[in-house]
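2 protein chains.
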Amino acid sequence: MSDVMQTILNHKSVRSFSADPLSKKQVQELVTAAQSASTSSFLQAYSIIGVSDPLVKKELSTYAGSQDYVVKNGHFFVFCADFYRHKEMAQNLRADISESIQGTEALLIGTIDASLAAQNLAIAAESMGLGICYIGGLRNNLAGVSASLGIPAHVLPLFGIAVGYPETVHEKKPRLPFASVYHENHYNVDKGTLNAHLEEYDRTIQSYYVNRTENTRNASWTQQTTDKLRVPRRAYMKDFIKQKGWAQH
Amino acid sequence: MSDVMQTILNHKSVRSFSADPLSKKQVQELVTAAQSASTSSFLQAYSIIGVSDPLVKKELSTYAGSQDYVVKNGHFFVFCADFYRHKEMAQNLRADISESIQGTEALLIGTIDASLAAQNLAIAAESMGLGICYIGGLRNNLAGVSASLGIPAHVLPLFGIAVGYPETVHEKKPRLPFASVYHENHYNVDKGTLNAHLEEYDRTIQSYYVNRTENTRNASWTQQTTDKLRVPRRAYMKDFIKQKGWAQH
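Chains as they are written, first to last, in UniProt numbering: chain L, 1 to 249; chain H, 1 to 249.
The hints are simulated quantities; they were obtained by calculation from the structure and are not laboratory data. Don't take every hint at face value.
Note that identical chains are pooled: a pair holds if it fits in a single copy or bridges any two copies.
Claimed, not checked - Taking lysine-lysine and the DSSO-like style, the derived pairs with C-alpha atoms no more than 30 Å apart in a straight line are: (1) K12 x K25; (2) K87 x K172; (3) K24 x K58; (4) K242 x K25; (5) K12 x K72; (6) K242 x K228; (7) K25 x K238; (8) K238 x K228.
Isolated chain L, as found in the complex (with noise of 0.2 Å):
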């Protein structure tokens, strides 16, 4: 198998890191790694923001419910959407943009744009023997977020990743059966179906809880994912988005 596939397959997320930083070099390697993904129609409307302050990073990880590892890591990135610097060109240029930048579509296009680009830095950086954790946390209170980074309107903060040098590895997580993620020509809706995998799955999830190392516990994949989903989260998403200039209509 070759490195690539070996350091995809292998990703576990990295929940203790070491205090030290990484180097300039580092984080200049990781951002040029993001900036290689594609973007759509190649509007790069996204931007990164690295976090080495403490202080700023320990207002971060109080709004993303004080976990430790967003503090204590070597370095932090907020990715963002952005149509800020899309903004200022068009104004150069005397042009309004303003219906296409806050579309629903501009606020896929930003998404899209950030995530793609979130994901190479983390194969990157795994592949530099460094660890990776996605903070989706950082949505619990993205006014904070914004007032802490500095965020101005038309720059969507999304989630964050922690990276450094792992303290602690877990074990990698299974995923769901291959058949109940990939469809061919055509959305397979059959209950019968889904419900098998689904059957199928709680069992592999539940012999991971019970064996794992550490923090083992009898959970299954449906009963624990349909109890996060029963409690609506960040219900605040639709009017704060609206208020930053994003999907307006």
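Chain L is already provided as a structure; the job is to place chain H on it using the hints.
Leaving out everything else, chain H in the frame of chain L:
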């Protein structure tokens, strides 16, 4: 430089493939790579539809603007944000998760999850010597795409990736300067700095377009990008998404 970094940094979209199909084993390896990406709260809120049927490819190509490479490739993948399986399993458990999965936050989760998975697939494909091209053009007509692929409510097709054996490979397109995409600790809103970066980048891109081997032209990034954004596109998106059970609130 490691093979992983080399693969990531060498990315170029390929828009001309041989008609040789990927093997079932290749498709399985690529999807397994996709599934290894991080996923928000372990929700795995995405699906992948592989398209091998030439008639379905032809339909998708029509929606995407009649691009040949949507038809002639080794395999075509459509990435979807997906809460269909969550809805089914909640019904089995007699739980109501509709508030969660119909929120704007769920749209972000599904879009981010699908994009992280997609980028893993893209890198994996390129590591196998295959070429890839993202096809955001599917969003020109998501009603058509959904009908062609039999996509139910709570599943949103976002983009495709054409994968195959490259017939022509172009030069790598230079990206925005590092310093205009990467900010440290604080978003830099300074217009003087931004404009200096954009001027530098316009010179880089002009030189790239003039010197590339095919399809040379004289264009600046700020001008061509502003021209693209001057014309609002896919204005139906908000209504379509709502109608399919997304971003109701």
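Hints, one by one, checked against the model:
{"no.": "1", "hint": "K12 x K25", "result": "both (24 Å within a copy, 24 Å between copies)"}
{"no.": "2", "hint": "K87 x K172", "result": "between (42 Å within a copy, 26 Å between copies)"}
{"no.": "3", "hint": "K24 x K58", "result": "within (21 Å within a copy, 48 Å between copies)"}
{"no.": "4", "hint": "K242 x K25", "result": "neither (37 Å within a copy, 44 Å between copies)"}
{"no.": "5", "hint": "K12 x K72", "result": "within (18 Å within a copy, 36 Å between copies)"}
{"no.": "6", "hint": "K242 x K228", "result": "both (26 Å within a copy, 23 Å between copies)"}
{"no.": "7", "hint": "K25 x K238", "result": "neither (38 Å within a copy, 42 Å between copies)"}
{"no.": "8", "hint": "K238 x K228", "result": "both (20 Å within a copy, 26 Å between copies)"}
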